[in-house]
Amino acid sequence: GQQLNQSPQSMFIQEGEDVSMNCTSSSIFNTWLWYKQDPGEGPVLLIALYKAGELTSNGRLTAQFGITRKDSFLNISASIPSDVGIYFCAGNNNAGNMLTFGGGTRLMVKP
Amino acid sequence: DAGITQSPRHKVTETGTPVTLRCHQTENHRYMYWYRQDPGHGLRLIHYSYGVKDTDKGEVSDGYSVSRSKTEDFLLTLESATSSQTSVYFCAIRTGTENGYTFGSGTRLTVV
Chain A
92 GQQLNQSPQS
102 MFIQEGEDVS
112 MNCTSSSIFN
122 TWLWYKQDPG
132 EGPVLLIALY
142 KAGELTSNGR
152 LTAQFGITRK
162 DSFLNISASI
172 PSDVGIYFCA
182 GNNNAGNMLT
192 FGGGTRLMVK
202 P
Chain B
3 DAGITQSPRH
13 KVTETGTPVT
23 LRCHQTENHR
33 YMYWYRQDPG
43 HGLRLIHYSY
53 GVKDTDKGEV
63 SDGYSVSRSK
73 TEDFLLTLES
83 ATSSQTSVYF
93 CAIRTGTENG
103 YTFGSGTRLT
113 VV
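Chains A and B are the protein sequences, given in the same order.
The numbering used here applies: residue 92 is where the first sequence begins, and numbers increase by one.
The numbering used here applies: residue 3 is where the second sequence begins, and numbers increase by one.
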């Protein structure tokens, strides 16, 4: 099946620092999505990207849909303690009706 | 809240016993999904449904079955639980909004 490689697997940063994580795939996707999962909860959609090269922001979060359609990145600026959680990328190639998820990036923020 | 609930939230069961997890939605969405989440593997699709009585297998369907007898409920059954099925199970619905999914809060299943 399709594979999404997400990196890094975990990050431990100081409050106020910027964060960057990315996802790569061997297959082309038509949609890239970024989710955040808080402890004990299900993932929640942060940003959706629909076009190659698209750059979208949501507050302190910025995500880009790679020009090759095989990658995407998520940046978080000026991190705060509530940014702690697991971030997942997900892709949809529209051939089926299901998303493929990356392995997640666990973010820890030190106050 | 998109009106999706999972039950139970936690369950401990013995190897070899059958287990059924329930996902309930209140918004009449067509597509529903069952994922399992394990460290290092992210979210992996078990089964999904695209309508009443219409289901299909996902990436890790072995040992699992599903049923959807009405739009609002999607059941996941482990016919004979094994320790490798210890995991956190998430149900999701495709809300049609930006092609994203809305997830339930998860069911933590431990098979001893």
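Hint data in this document are derived by calculation from the structure and do not stem from the laboratory.
Nothing here was measured: the structure is a model prediction, and the numbers come from that model.
We put the CB at the ideal spot given by N, CA and C, even for glycine.
Be aware that a few hints might be false.
Stretch-level coverage of chain B by chain A, calculated; a stretch enters the list once three of its residues show a Cβ under 8 Å from a Cβ in chain A [to be verified]: (1) 17-28; (2) 39-53; (3) 89-97.
Below, in silico cross-link-like pairs of lysine-lysine (DSS-like), each with a Cα-Cα straight-line distance of 30 Å or less [as the list claims (entries may be wrong)]: (4) B/Lys13 / B/Lys59; (5) B/Lys59 / B/Lys72; (6) B/Lys13 / B/Lys55; (7) A/Lys142 / B/Lys55; (8) B/Lys72 / B/Lys13; (9) B/Lys72 / A/Lys161.
Hints versus structure:
no.: 1; hint: 17-28; in the structure: violated (count 0)
no.: 2; hint: 39-53; in the structure: holds (count 8)
no.: 3; hint: 89-97; in the structure: holds (count 3)
no.: 4; hint: B/Lys13 / B/Lys59; in the structure: holds (24 Å)
no.: 5; hint: B/Lys59 / B/Lys72; in the structure: holds (19 Å)
no.: 6; hint: B/Lys13 / B/Lys55; in the structure: holds (26 Å)
no.: 7; hint: A/Lys142 / B/Lys55; in the structure: violated (34 Å)
no.: 8; hint: B/Lys72 / B/Lys13; in the structure: holds (24 Å)
no.: 9; hint: B/Lys72 / A/Lys161; in the structure: violated (37 Å)
When held up to the earlier numbered hints, the structure conflicts with 1, 7 and 9 and fits the remainder.
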